[in-house]
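For the record, the sequence lines run as chains A and B. If you read the first sequence in the working numbering, its first letter stands for residue 1, the second for the next number, and so on. If you read the second sequence in the working numbering, its first letter stands for residue 1, the second for the next number, and so on.
Because the hints were derived from the structure by calculation, they are not lab data. As the structure is a prediction and not an experimental result, all values here were calculated from the model. Where a beta carbon is used, it is the ideal one built from N, C-alpha and C, also for glycine. Don't take every hint at face value.
Derived Cβ-Cβ restraints for the label pairs, each shown as a range [to be verified]:
id : chain 1 : residue 1 : chain 2 : residue 2 : range
1  : A       : I21       : B       : S287      : 35 to 45 Å
2  : A       : M78       : B       : A307      : 39 to 49 Å
3  : B       : N156      : A       : F90       : 34 to 44 Å
4  : A       : F90       : B       : C168      : 37 to 47 Å
Pairs of lysine-lysine residues, derived as DSSO-like cross-links and limited to a Cα-Cα distance of at most 30 Å, are as follows [to be verified]:
id : chain 1 : residue 1 : chain 2 : residue 2
5  : B       : K713      : A       : K96
6  : B       : K439      : B       : K377
7  : A       : K96       : B       : K377
8  : B       : K229      : A       : K54
9  : A       : K98       : B       : K301
10 : B       : K455      : A       : K107
11 : A       : K13       : B       : K455
12 : B       : K224      : A       : K54
13 : B       : K370      : A       : K107
14 : B       : K229      : A       : K98
15 : B       : K241      : A       : K98
16 : A       : K107      : B       : K519
17 : B       : K229      : A       : K96
18 : B       : K619      : B       : K301
19 : B       : K679      : B       : K386
20 : B       : K306      : A       : K98
21 : B       : K159      : B       : K315
22 : B       : K198      : A       : K23
23 : B       : K519      : A       : K96
24 : B       : K315      : B       : K619
25 : B       : K439      : B       : K370
26 : A       : K98       : B       : K619
27 : A       : K62       : B       : K224
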Amino acid sequence: ARSKMASPKTAPKDAQVMAQILKDMGITEYEPRVINQMLEFTYRYVTTIIEDAKIYATHAKKSTVDADDVRLAIQCRMDQSFTSPPPRDFLLEVAKQKNQTPLPLIKPYSGPRLPPDRYCLTAPNYRLKSVQKKVSSSSGRITVPRLSVGAVSSRPSTPTLGTPSAQTVVTSKVGTPVSLTGQRFTVQIPSSQSSTVKSATPSTPTVQNVLINPSLIGSKNILITTNMVSSQNSANDSNPLKRKHDEDDDYDAL
Amino acid sequence: KMAAVQDGSIEPEPDKEIKTEILNDVAGNLAPAAAGMLSSSPVPAPVPMAAPKPTPSAAEAKDQQTLLAVLQFLKKNKLVESAGGAGAGGGQSGDAEGGDASSLLSRVSSTPAAPSPVVAAPIPAKATGGEQPDVSVVLSAYSQQGDPALYQVYYNGLKKFIESVLDCHRAELSQVFYPLFVHMYLELVYNNHENEAKAFFEKFSGDQECYYEDDLRVLSGLSKREHMKGNETLLDFRTSKFVLRISRDSYQLLKRHLQERQNNQIWNIIQEHLYIDIFDGMPRSKSQIDSMSGSLAGEAKREANKAKVFYGLLKEPEIEVPLDDEDEEAENEEGKPKKKKPKKDSMGSKSKKQDPNAPAQNRIPLPELKDSDKLDKIMNMKEATKRVRLGPENLPSICFYTFLNAYQGLTAVDFTDDSSLIAGGFADSTVRVWSVTPKKLRSVKSAADLSLIDKESDDVLERIMDEKTASESKILHGHSGPVYGIGFSPDRNYLLSSSEDGTVRLWSLQTFTCLVGYKGHNYPVWDTQFSPYGYYFISGGHDRVARLWATDHYQPLRMFSGHLADVTCTRFHPNSNYVATGSADRTIRLWDVLNGNCVRILTGHKGPIHSLAFSPNGKFLASGATDGRVLLWDIGHGLMIGELKGHTDTVYALKFSRDGEILASGSMDNTVRLWDSLKAFDDIETDDFTAATGHIHLPDNSQELLLGTYMTKSSPVIHLHFTRRNLLLAAGGYNP
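Bound-form chain B, shown alone (with noise of 0.2 Å):
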């Protein structure tokens, strides 16, 4: 009988008989043996598919249907006889059935209507793992044929029940409504039922939550098929998982409430696309839930936050002793084992204590420092002895950079760290910097010239400069589309600037002139950073991926995967061994430069992330958005431990002063803010309940924690700067 179906199956142009006589065969047991195999499964019997479905469509319509139920039957049979048996060649062949019969599939089911293209879709791509799931989208679609307005009808009774729960659990069930909404639209969407999506939409779009507004206002953009394949957004959200968090009681609830019979659709969507994480404990209340949901992909389940993350500081190399005592504590670090040992004493270290959360020097590959750095490093510590300590009663002078005649044009914007140099990056494509002290800027003469110098004097560095062309500022121009991240080297001799062009450059400030193009990223890069140490720096732009480079490699070393849409805004940790991204996908992810894993998954913003700061003692986060809203992360624990709410519109600039007292944040709607960093991060709750499940609790204490706003002319503030003395600069351009 299994041959006889199989012959049937594998005909390119199955006769009428032969189905009939195929349905005959296996109608006796498929009603049974679904009904049976199903039941293992969480999902429960749908209607029996043996009997074909009454459809007001034509007899070959009918039949059709039938033969793909009887081949997606054949398929999960195969399937499961070479789970029982034979192992990866069974496993081989019966994949292959698969595809067979999905191929199949795709060419009998000529309507547009069919639930084939479902299975066909890039979907495969987890069919390993979801087999099941696929069988039911597809018998679900299949029951759907004809009638997707019963997805209204379902989504009713839902909503009619989760209104009906207690209101404990009512605030957690009511996260299921938005990816469902957006899931089922985008079913009767891709099935090419546009009128009932349509309606469907009008109809429910209205009960989502507001801060999902962006993102329904583009669903609503979206009515065909055709629309939905450029944008690679959507896709990752169709194949991506949406976590949400439940309690366990609320999830029995929606579960039992989902297995009765009439509700399976549901029940099927919330299998195929949702992934409940389930806590024990008490339900969540909606202002916990409103705080950490808003991102494109729901929460962050709890082991994408439990890696370790070491986020301590790296040890700054004694440099006041001469050369070759330095070069001896530097063997000693690296003879040091790993930090995961526990600190003794007795090591026989010098008298700082190994940080248990610091990385070891060696974990990542870093350079050396040159005299020139050493010279730098000693400046570092002059200057900071002379740093204004900040306090709530002691705040920073404001200085303010504004950018003349640019016409919105200024979209990018970046101090060196000893403050001496400013640079612009402009809508025109040019990057221009200039000078912020007195001294001007002066290029290397040309080759010709330098021949002609003493090499031997004691101002060689000096006279190596060209005195003719000495300005305030020069001009660079190189990129063939708007500059859209600049960053400048900690030694102040490069400059990077990434494009809309797709490419990043790195500029000699010696020189001027441009010295490498990184080709990577073929779209739009929208933000650049050095490492803190120098020689790496990363970008993020539009292909969704961050990417780690090496000034001395053409090709990124690293590349951060995971985001769904856009990288907006990428920083280096403190100690140069993690990563932050901001997405346009609404949430943060910290990378671990050395294997590119993701090790946190930061969500809570309602619009795409503009800023990110980390504190200098490297445990903290801080993060803005367009939603206005300044939210504050424990990297250690992965956890949101502040939200400093006061601007309204994006927070486009934020910085930490020097020792972290201070945390300065500098928006569109032209203020830049002075909060307490030091009070919001004394206020941590940190009990093992909360590092457990993740539940936080956030005093609503923006208005203590704001020290003042200061207003510009009409300026959007763009970039913040604290320079080594605990002055705060800040730059924009003028837009009346």
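Excised from the complex, chain A in its bound form (with noise of 0.2 Å):
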């Protein structure tokens, strides 16, 4: 990669440009590919901005792109995705506000104390495939850890007690449905069984392709799909950032 990149000398004006900005701003120390990045971000913003005035022309009915228009672009785009917090006279007000009211008095002996069940994340609807904690062949690359997660097929209903409602299930890529072996979770044991305790995934064992969960209602109604499961032994070492690259296509076809 060092190859790739331009000696200072010879360096394209852009880059230099961004050299300078880097330096005029006293920022000293940087990996040379900050400017790369820059040189990008510069390119797409302005391929964008260019793009959205050019919309606005011919909305207009104009022949040619002129400074409004890139002056409304630039305004549209700052609005989407640079925002800025908001002000100070507007932050004080709601902090006034929200002072006011006193302190909630804690419940005893109430268990572990979560909000209502809708602000949780605690049914959640997919699992994780975990990465293989194989020693990396490819030792000595830094990749990155790829994350798949279980598409979304069944949305569990709130794990209250209730009347199990009909479950719709949809499953994407899946062969015949397979019985699960043995690794079923739970979204939420209902209060008739004493324990309270909130389980849910567990996060080791590996899975060879999309996982679509079960949920559990009451006691009985378990609803699954999934596709070939196979556990296997993940040796997990204690390193902290073992990574191995994965494969995409179970990311790309969520």
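Two chains, two frames, some hints: make the complex.
Here you go:
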């Protein structure tokens, strides 16, 4: 990769401008790739603005793009992507309102204190495909861990005891549905049981393909569709970041 | 006559004849009236507006300027009338008229160099308090019309004056330079005088204090008004008052000089943008001023630090005794009156005296102790008996946990209180938890398996754990941006993580899954921490606000708003009643959890603050910033009591030992330094003068207080933790 980068003396003019900007802003230490990233960003930003400006100009039935169109394009993009935090007087106003309400009393002995279920993430309808932690054959190469998220098929209804609603199960790229090989997991244990543990997916078992979640309502209706589930032994080492490149196809299938 | 003038002003397109008519009409009254009206305020009468200032621009522009001045005078006049007579109704109409006038102003003035944007700017937010400054600003800007080069002249004049005063006053008056420079520069940029702004900047930016260098660099990149729009920090700077503390003698000198005719421009700016907190007494020396200044908002006003702060600790409940006795004691404590009463032993309380500086037990609702918490406390006390007594003769051993292969991706670390788990937040948006002890991490079994176990067995708590997936580390996925803040809960059940994606996530350490995502900041959240008693937690982020949450509310309970720039560090006080926030505006604020008020503003750092630590007794606060200094503060008085120099790079980690004898600091310069905090806190002089005026005289004893410097092999230290037995643990990512 090093050989691809131009030496400073023969760097293109834009790259020199970027280097000068960094110098002006007082940044003295940076990786050489930063200049490339800045150039890419500039190119993308300018192209987007000019394309938008062209659209506005044609909408206004003008033959050429002029400064007003560009100005409008910049403003619209600014409101979309480069937002800034709310102004101070607004924040002070909101804070004053919020701080007036007294702190709520704490109910005693209420188990894990969590917000109402609709605001919690305790009922995920997906499962993360975990990365195999074998010793990487391409050692020395820093690779990005890929996460594939299983396709959403059935939405669990709120896991309170109630009428088990009909679940429509939509599967994607599934062979014949095969019964789970003991990899069940629940959304929430209903309160008929005494335990108050909220369990969720175990994170370590590896699955080969996309797994659709089951949802457990009451104690009975388990609607599951799965693909082949092969659990493999994953060697967990305590080294923080041994990464392995994963396939893209599962990710793209979403 | 007033009616005629009023008609003229409401017309959307004022005719030239009417203008000249108005002019002739009012000209006679304008000059003396203006003079009379304006001299009632401290603003001396500027050049009488009646005679339109001969400008090089066209006659039309001249008339416009006149009209502007007339309208301003009208506005002022109306308000004077309403203030004198009608009261609220009159005030309303006066304001409405003023509103009309200013809107008309903005319509009339089409030239970019018009002063009207100044009036229509966010400044109306404080227009209610400062009608006169508005007028004076407009008028002064009017008088600058077409001649921003005068800014340089004025600044130069002030510079010469200050250089000529007596030595004792010069240091104090030099404080004026920086805010004045920035406001004048922003004024020029805001009014679109780009070239003059650049020239002004080039000429005078070198004179400023070295610690403002970063700000000046940001300013140098800002040459157009559009640049200012997105920069909330700068807008806040423009609309808030920079606080200066000057002795009365120096102030008189300055005032006398500036009220002479040719210097009123600067006087106007000072009036509008600066708040001068005058004190009686000796002028401060340069070193005293330097130690307190550096923040984006100047120093703190004296009354900002006058509120009473309950910095004492809450009483620990007795737990050796069986449960019923403990309830009795709790009741006793609640039955006691608030701490403001002088303590009397005849209250029938237990042998422990009430600390007058401690908050009441029920000042804020706190969760009750569960059985597991009580067991934990008993463990804590047992460990405390085995605790090593640290001191200058007895330094702690340091165990450093290096994160390998993190490639600068390690952004946050935390230890549990009993030092059994370590969690790391990474730039790839994962959170990883490791077990420090040989005991592996186990998560709870799935529901199907749980239904199979024998619930009556004695070791049911062991059986619910899944042996098959036990491992030394667990990875938690969920964030969509780098994880900048991490905090364990005191009961080891939960883990918090805050990220660049704007959310704070609560993870369960029983199941190693995410339980809740708290959305509120829509911008990166830089830090988060649980309260020492659990249940509450705080977060601070890029939106300049720190929020207090409870785990069972999906919205924050308190919002601590007031900082001018990002909140980079948030810490609870040991008694959970106060929250300290350090910010990129170089101030530290202490907030009251009960009502969200800011009770202390502490200035003195010269860079964004990245670490805060409360002493275990709750009285003192230590802070570390990018300038490499560690500052010690007395919370009760709101004063700086110590300065520890030694680090050469940002101080990212600060921790007091368990009994407060040693302060450990870890920095980006790959060192851990130990400081003698007992000695530092012994040397405080808090006589009445110091407390009243906030003047401090810091002894330069950093060298004596430094007990040891320990280098790592190119691993910046980003977290420190004293175990219950006073062993120091440190953590950082290897960064060759």
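So, going through the hints one by one against the coordinates:
no. : hint                         : verdict
1   : A:I21 <-> B:S287: 35 to 45 Å : 37 Å, holds
2   : A:M78 <-> B:A307: 39 to 49 Å : 40 Å, holds
3   : B:N156 <-> A:F90: 34 to 44 Å : 39 Å, holds
4   : A:F90 <-> B:C168: 37 to 47 Å : 44 Å, holds
5   : B:K713 <-> A:K96             : 48 Å, violated
6   : B:K439 <-> B:K377            : 21 Å, holds
7   : A:K96 <-> B:K377             : 37 Å, violated
8   : B:K229 <-> A:K54             : 25 Å, holds
9   : A:K98 <-> B:K301             : 25 Å, holds
10  : B:K455 <-> A:K107            : 27 Å, holds
11  : A:K13 <-> B:K455             : 74 Å, violated
12  : B:K224 <-> A:K54             : 25 Å, holds
13  : B:K370 <-> A:K107            : 13 Å, holds
14  : B:K229 <-> A:K98             : 27 Å, holds
15  : B:K241 <-> A:K98             : 25 Å, holds
16  : A:K107 <-> B:K519            : 23 Å, holds
17  : B:K229 <-> A:K96             : 25 Å, holds
18  : B:K619 <-> B:K301            : 21 Å, holds
19  : B:K679 <-> B:K386            : 24 Å, holds
20  : B:K306 <-> A:K98             : 24 Å, holds
21  : B:K159 <-> B:K315            : 56 Å, violated
22  : B:K198 <-> A:K23             : 18 Å, holds
23  : B:K519 <-> A:K96             : 19 Å, holds
24  : B:K315 <-> B:K619            : 15 Å, holds
25  : B:K439 <-> B:K370            : 24 Å, holds
26  : A:K98 <-> B:K619             : 28 Å, holds
27  : A:K62 <-> B:K224             : 28 Å, holds
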